[in-house]
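Colleague: Protein chains in written order, with my numbering: chain A, 1 to 155; chain B, 1 to 155; chain C, 1 to 155.
Treat each hint with caution, since some may be false.
[Claimed, not checked] Each computed DSS-like pair below joins lysine-lysine, with the alpha-carbon atoms no more than 25 Å apart:
1. B:K150 with A:K26
2. C:K11 with A:K150
3. C:K150 with B:K26
By construction, these hints were calculated from the structure, which means they are not laboratory data. Just so you know, these numbers come straight off a predicted model, no measurement behind them.
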Amino acid sequence: MAEIPQLSDNKVFLAFTSYATIVLLKMMAMSAFTGFLRVTKKVVVNPEDALAFGKGENGKKFIRTDERVERVRRTHLNDLENVIPFFAIGLLYSLSGPDISTALWHFRIFVASRFYHSIAYLTPLPQPNRGLAFFIGYGTTFSMAYRLLKSTLYL
Amino acid sequence: MAEIPQLSDNKVFLAFTSYATIVLLKMMAMSAFTGFLRVTKKVVVNPEDALAFGKGENGKKFIRTDERVERVRRTHLNDLENVIPFFAIGLLYSLSGPDISTALWHFRIFVASRFYHSIAYLTPLPQPNRGLAFFIGYGTTFSMAYRLLKSTLYL
Amino acid sequence: MAEIPQLSDNKVFLAFTSYATIVLLKMMAMSAFTGFLRVTKKVVVNPEDALAFGKGENGKKFIRTDERVERVRRTHLNDLENVIPFFAIGLLYSLSGPDISTALWHFRIFVASRFYHSIAYLTPLPQPNRGLAFFIGYGTTFSMAYRLLKSTLYL
Numbered sequence: 001m002a003e004i005p006q007l008s009d010n011k012v013f014l015a016f017t018s019y020a021t022i023v024l025l026k027m028m029a030m031s032a033f034t035g036f037l038r039v040t041k042k043v044v045v046n047p048e049d050a051l052a053f054g055k056g057e058n059g060k061k062f063i064r065t066d067e068r069v070e071r072v073r074r075t076h077l078n079d080l081e082n083v084i085p086f087f088a089i090g091l092l093y094s095l096s097g098p099d100i101s102t103a104l105w106h107f108r109i110f111v112a113s114r115f116y117h118s119i120a121y122l123t124p125l126p127q128p129n130r131g132l133a134f135f136i137g138y139g140t141t142f143s144m145a146y147r148l149l150k151s152t153l154y155l
Numbered sequence: 001m002a003e004i005p006q007l008s009d010n011k012v013f014l015a016f017t018s019y020a021t022i023v024l025l026k027m028m029a030m031s032a033f034t035g036f037l038r039v040t041k042k043v044v045v046n047p048e049d050a051l052a053f054g055k056g057e058n059g060k061k062f063i064r065t066d067e068r069v070e071r072v073r074r075t076h077l078n079d080l081e082n083v084i085p086f087f088a089i090g091l092l093y094s095l096s097g098p099d100i101s102t103a104l105w106h107f108r109i110f111v112a113s114r115f116y117h118s119i120a121y122l123t124p125l126p127q128p129n130r131g132l133a134f135f136i137g138y139g140t141t142f143s144m145a146y147r148l149l150k151s152t153l154y155l
Numbered sequence: 001m002a003e004i005p006q007l008s009d010n011k012v013f014l015a016f017t018s019y020a021t022i023v024l025l026k027m028m029a030m031s032a033f034t035g036f037l038r039v040t041k042k043v044v045v046n047p048e049d050a051l052a053f054g055k056g057e058n059g060k061k062f063i064r065t066d067e068r069v070e071r072v073r074r075t076h077l078n079d080l081e082n083v084i085p086f087f088a089i090g091l092l093y094s095l096s097g098p099d100i101s102t103a104l105w106h107f108r109i110f111v112a113s114r115f116y117h118s119i120a121y122l123t124p125l126p127q128p129n130r131g132l133a134f135f136i137g138y139g140t141t142f143s144m145a146y147r148l149l150k151s152t153l154y155l
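Extracted from the complex, chain A is given alone in its bound form (with noise of 0.2 Å):
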């Protein structure tokens, strides 16, 4: 009987798999931190929220928005703008049957830039920290998509 691949004996989908969780992750933490920084500044967007602070007009005074979880949401925001398009090119990507060691160095260096994206909007760092990574991100998503209609073009 044939040995039959599975996508599990494929070392760039495992790669990409890993690599692809560990930054969907970070995204997702930047839910739990928003949540967080709600609760601990009292800072909420609807009145059914606001009650937990305070009742009647008490409570209104807490809806209303602060600098510091804007921050933390277009931090959240960019990640999905750039996350998402990395996992989406990324997965097919790696389906696509390329090098194991450009593809592992293309999943290192985006996700990497992510977090270092992260660090320099949150901590805020002087600019270009911030544009820096995300340019290093966005032509990493870039250079995936490109080989990948260099090598599987079929409209």
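Fit chains B and C to the known structure of chain A by using the hints.
Modeller: Chains B and C alone, transformed into the frame defined by chain A:
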């Protein structure tokens, strides 16, 4: 000739396909609902949209925000922030060879938690309904990510 | 030895890979465009970004919103809300063994509708251009989800 395993013979993957499609349709319903409210309540963002309700200065008064529409948009954004990581991590998890019954419960609980979340946000139900729904879904995705990294870490 | 089917022998999956990559690159172009406008029009969100244009009080005046930038951001957000469900549902659909010509038309119409949507939003073209583009794309994704659930429901 050897029987060849296909993704369509993989029960976990089939189950993931069904649950993911259902929860993605639920997320897409929020787009349609926002559009529906914008038309029926005459609340628009763009000048070219306001022209449907009145010309010139007469139309401009419909460029405004409305608390009901904003609530639907927040529900939608919360779906984007949670359903997409579920899709990404759940897809990788379902291809990593998990136990079918464990996998099914993860999918069922996640999908139920997101319906509960939307109901809690749109009604709105008093807290901690929405918070609970969020944490159940978040925990389910986190549990899949943890199992995935434990079983197939390859860096 | 049996010939083993690989994802790279699956024409629907290959076609999905190409169309999805193209529309994901189009979505990513919105990030770059927002960044380009922020720099050329000097419209920033963060104090550390304003320093590029002036120190202290002199820089603060660049922390502002601009209707042109906001329009690009809305176009980007609309892409996130629609391209990502297309990717997720389209991926599962293309692995469910659909007819190649039906699948190709779904992919082509969706991708064309999103280019049309961005052009309609950024120009802006008068309504119902943008609304129509949105509904064509939305309907295409919905049609794939319907076919998927009809062919492989497993709960």
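Colleague: For each hint given before, does the structure comply? Return the numbers of the non-compliant ones in rising order.
Modeller: Violated hints: none at all, because every hint is consistent with the structure.
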